[in-house]
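Chains as they are written, first to last, in the working numbering: chain A, -10 to 244; chain B, 44 to 683.
A hint or two may mislead.
[Claimed, not checked] Calculated cross-link-like contacts (lysine to any residue; reagent style SDA-like; alpha-carbon spacing at most 25 angstroms):
hint, chain 1, residue 1, chain 2, residue 2
1, A, K72, A, E93
2, A, K140, B, Q436
3, B, K525, B, F369
4, A, K140, B, N334
5, A, K140, B, S323
6, A, K140, B, D413
7, A, K72, B, N334
8, B, K76, A, S129
9, B, K147, B, D413
10, B, K147, B, H242
11, A, K72, B, S323
12, B, K683, B, E638
13, B, K76, A, T124
14, A, K140, B, T343
15, B, K683, B, D645
16, A, K(-1), B, D645
17, B, K76, A, G128
18, B, K553, A, T22
19, B, K365, B, Q657
20, A, K140, B, S191
21, B, K65, A, K140
22, B, K147, B, L57
23, A, K140, B, E638
24, A, K140, B, A224
25, A, K238, A, H209
26, A, K234, A, A194
27, A, K140, B, K522
28, A, K236, B, A224
29, A, K72, B, Q436
30, B, K522, B, H242
31, A, K140, B, D167
32, A, K140, B, Y183
33, A, K(-1), A, T22
34, A, K72, B, K522
[To be verified] Some residues of chain B that are not near chain A, with every Cβ distance over 12 angstroms (derived):
hint, residue
35, D170
36, A203
37, Q635
What the hints contain is simulated information worked out from the structure, not anything from laboratory work.
Note that the structure is predicted; figures quoted are calculated from it, not measured.
Every residue gets a Cβ at the ideal spot worked out from N, C-alpha and C, and that includes glycine.
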Amino acid sequence: MSARINLTLKVWRQAGPDTEGAFVVYEATDISTDASFLEMLDIVNERLIDAGEEPIVFESDCREGICGTCGLMINGRAHGPQKGTATCQLHIRSFNDGDHITIEPWRASSFPVLRDLAVDRRALDAIISAGGYITVNTGSAPDANLIPVPKETAETAFDAAACIGCGACVAACPNSAAQLFTAAKLQHLNLLPQGQAERWERTEAMVETMEAFFGSCTNHGECEEACPKEIPIDFIAWANRDYIKAKVKNRKLAG
Amino acid sequence: MIGSLDARIPAGSLENKWTDHKFSMRLVNPNNKRRFDIIVVGSGLAGASAAASLGELGYRVKVLTYHDSPRRAHSIAAQGGINGAKNYQNDGDSVFRLFYDTIKGGDYRSREANVYRLAEVSVDIIDQATAQGVPFAREYGGLLDNRSFGGAQVSRTFYARGQTGQQLLLGAYSALMRQVAAGTVELHTRSEMLELVMHDGRAVGVITRDLISGEVQAHSAHAVVLATGGYGNVYFLSTNAKMCNVTAAWRAHRKGALFANPCYTQIHPTCIPASDDFQSKLTLMSESLRNDGRIWVPQTHDDGRGPDEIPDDDRDYFLERKYPAFGNLVPRDVASRNAKAVVDEGRGVGPLCNGVYLDFSDAIGRDGADVIRAKYGNLFDMYERITGENPYQVPMRIYPATHYTMGGLWVDYELMSNVAGLFVLGEANFSDHGANRLGASALMQGLADGYFVLPYTIGNYLADYLGEAALNPNEPVFKDAKQQVTDEVARWLSIGGTHSVDYYHRELGKLVWDYIGMSRNQTGLEKALSEIAALGEEYHRNVRVLGSADTLNQSLEKAGRVADLFELAELMARDALTREESCGGHFREEHQTEEGEALRDDEQFAHVAAWEWQGAGTASTRHREELAFENVELTQRSYK
């Protein structure tokens, strides 16, 4: 049932990309447990504006857990305490009256802070443009039912394709690695028959672009824990296997 | 001034119009394509698919989006599916049937030629998306699965779990990023279009503000394509993403582009009801749920019992009772109005009595929980996350919310607005859904426009300008437009009023929902006109926007968007007031049948109303495009 609680927030404030940031404490009083976490921040911001203070910058858009725009470190956990849940779908009913909550932006050198809790995640787009596609110009596709895809294959590809590109995997990783993000896109395409023609090239290009921006995976598994879509770490093992194969095959083709 | 509105619909039989027109349109040869600059604003299904396709053809494309990545666009949130007249299920579907259903579903207020073309290219979209690796649902034999969707009696909807929009957008986004890598598309993220630049009566560029640095920039091109989505956020509470707005389209409207049928808004029947004042948006539950869920309320007013304590005899399955043929699958507007009616009668359910039940107990009893979980698992999880209730055990509570806007910038058959060189795609245009959009047709239209229509039609426009360079972005027209944007930004920061932008947006939303919502009447609409104007005046005088222009400043971004929504809301009221009939999503209480169904007036209103801006504070001028129906007979929709 719905109740009203008081929270103490410790929020990272940073005026711009090149300025120093610091934590500022705010009292979030009289918050309904039916409010979402971001609605709680909306309320805090309204009160800040009333008091003549600039509101806390945080990003969100769909507030349905699918666009991947939102993402906060809440008490040191990417997207907060509820498993398989993006920040926008977290609700205050997950917290207790009197809780202290620390709110930070994603922390990774490849995600520079833009302001307060907003970061720049363009490095993820760079990985996609390196090969996260199937080359098929508009108009050149064959009839969709010409290529049967076993249901199980399609389902597994889908599990990987469910990635929302929020960057929680990077934020949660002690090495700021983007293996889960990259492996999810790789396996979505590498598993499907449509993706076979470019499989080895894609794998090499995406992995090497990833390595140019992000840290290395040392199998901590924090990414799987933090992923709001619960994408399993198994995809990383598959992607690694594909990468080794790709290195051999691509060399053969070159030779 | 606007002459008569000519949609430039090609002659010939309905079936051959598009094929013939494709042949008669001029081409730009491959070597010349790289000499044309095209700006695409927006990176959703329509924008991303258009930009990728134009890039593949060899044009120089610039994509502008206010998002941090093109993949964030709100198309991503579409759940249910995409229609395609493949007839894979052998159940009698055809291009003509999809055309017919769409025209009828739109309550005979859309253009036959556009709708037929949409149905025709729907099959190509499925092929294209599948080839891109979009993981549509499949049968055990490995072939594509289909389901039937709100308002259709055939199974023609392709789907990817409850995330069809996400998967289709990721397909278009991947095609777009391939072109970014190839160098044909230049991508500008976090760039918001704030002005359309005109020269010699043509659209020649746009002005953007960089949302991080605040820099105001000029972008010049041979043509401008707007794919900037709908205006559902005029209601404040809607299923639209928080950033969705009308600004790009509205700024073009203020420069002369006509805005058509703004009163056609779609209220989606299956959303989670609001729980309190702080509610920031509403969440849609895909209407595919209506395939297996049964909608009901208690027979009596103020029944205080929980749903499991109410026996079948005391329940009113009102859609099944009133519409035995379609039952829970009646079109969205019919389902929504009926839900509103039972809630208004005092039979609403939930703590605030503001919902109706959507009950899966029969389906779970029939098919087992596992089958239901396989179909709707992620939707059930989403519902539980938001409400804290488990829909496998307790019926869902749903209520209508604004979801889609059929109105938008007026375009001709080639998707060009009345402003030469300004093309409008997807939800941002008005063209294909008439007064009501059928389920699983928004994704179809966005991709049809972007993949298969614009890439042909834009060449027909550009062919006239071969050898002409795009205007220099340092020309006075660009400088003046930049100055205008800079001044506007400064003005918001200088007001120093007492209420936030969100405060005014919320208040505006309440007015629009109350008077221009699910049902409208003359008194309410007249009230809306005066109250919106008064609140808008106060907004410009008393809004508080803190901070500065040269940083990431979200209040400042919203300030301009909400100002545009105020102007749009007035136009919606005016459009709703002058359309003295009920059709699709536009329900005028004065115009209904004895059974309370929408009553059209085909004699007076079988036309598109396209409004011309006359300046702030001056009433817009109403233009008409007559709709000719040569291939379907206008009937009253009946779903009984």
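How the hints compare with the structure:
1. K72/A <-> E93/A: holds, 18 angstroms
2. K140/A <-> Q436/B: Judged against 25 angstroms, a Cα distance of about 29 angstroms means the pair is violated.
3. K525/B <-> F369/B: At roughly 54 angstroms apart (the allowed maximum being 25 angstroms), F369/B and K525/B break the hint.
4. K140/A <-> N334/B: holds, 22 angstroms
5. K140/A <-> S323/B: Violated: K140/A and S323/B sit about 38 angstroms apart, past 25 angstroms.
6. K140/A <-> D413/B: With Cα atoms ~17 angstroms apart, K140/A and D413/B stay inside 25 angstroms; holds.
7. K72/A <-> N334/B: Since the Cα atoms of K72/A and N334/B sit roughly 30 angstroms apart, the hinted pair is violated (cutoff 25 angstroms).
8. K76/B <-> S129/A: Given pair K76/B, S129/A holds - Cα atoms ~19 angstroms apart, limit 25 angstroms.
9. K147/B <-> D413/B: violated, 36 angstroms
10. K147/B <-> H242/B: Given pair K147/B, H242/B is violated - Cα atoms ~40 angstroms apart, limit 25 angstroms.
11. K72/A <-> S323/B: holds, 23 angstroms
12. K683/B <-> E638/B: The given pair, whose Cα atoms are some 11 angstroms apart, holds under the 25 angstroms limit.
13. K76/B <-> T124/A: Distance of about 21 angstroms is within 25 angstroms: holds.
14. K140/A <-> T343/B: Not OK: K140/A and T343/B at ~47 angstroms, beyond 25 angstroms, violated.
15. K683/B <-> D645/B: Distance ~22 angstroms between K683/B and D645/B Cα, so the pair holds.
16. K(-1)/A <-> D645/B: violated, 61 angstroms
17. K76/B <-> G128/A: This hinted pair holds, its Cα atoms lying about 18 angstroms apart.
18. K553/B <-> T22/A: holds, 24 angstroms
19. K365/B <-> Q657/B: Since the Cα atoms of K365/B and Q657/B sit roughly 45 angstroms apart, the hinted pair is violated (cutoff 25 angstroms).
20. K140/A <-> S191/B: Holds, at about 20 angstroms.
21. K65/B <-> K140/A: violated, 38 angstroms
22. K147/B <-> L57/B: Within the cut-off at roughly 16 angstroms; holds.
23. K140/A <-> E638/B: Not OK: K140/A and E638/B at ~47 angstroms, beyond 25 angstroms, violated.
24. K140/A <-> A224/B: violated, 32 angstroms
25. K238/A <-> H209/A: Violated, because 29 angstroms separates the two Cα atoms, which is more than 25 angstroms.
26. K234/A <-> A194/A: holds, 13 angstroms
27. K140/A <-> K522/B: violated, 57 angstroms
28. K236/A <-> A224/B: This hinted pair holds, its Cα atoms lying about 22 angstroms apart.
29. K72/A <-> Q436/B: The hint holds at about 22 angstroms.
30. K522/B <-> H242/B: holds, 13 angstroms
31. K140/A <-> D167/B: Roughly 22 angstroms between the alpha carbons, so the hint for K140/A and D167/B holds.
32. K140/A <-> Y183/B: Holds - the C-alpha atoms of Y183/B and K140/A are around 5 angstroms apart, at most 25 angstroms.
33. K(-1)/A <-> T22/A: The hint holds at about 19 angstroms.
34. K72/A <-> K522/B: The hint is violated at about 51 angstroms.
35. D170: Not fine: 4 angstroms to the nearest Cβ puts D170/B too close to chain A.
36. A203: Answer for A203/B: violated, closest chain A Cβ roughly 7 angstroms.
37. Q635: holds, 34 angstroms
Checked against the numbered hints given earlier, this structure breaks hints 2, 3, 5, 7, 9, 10, 14, 16, 19, 21, 23, 24, 25, 27, 34, 35 and 36; the rest are met.
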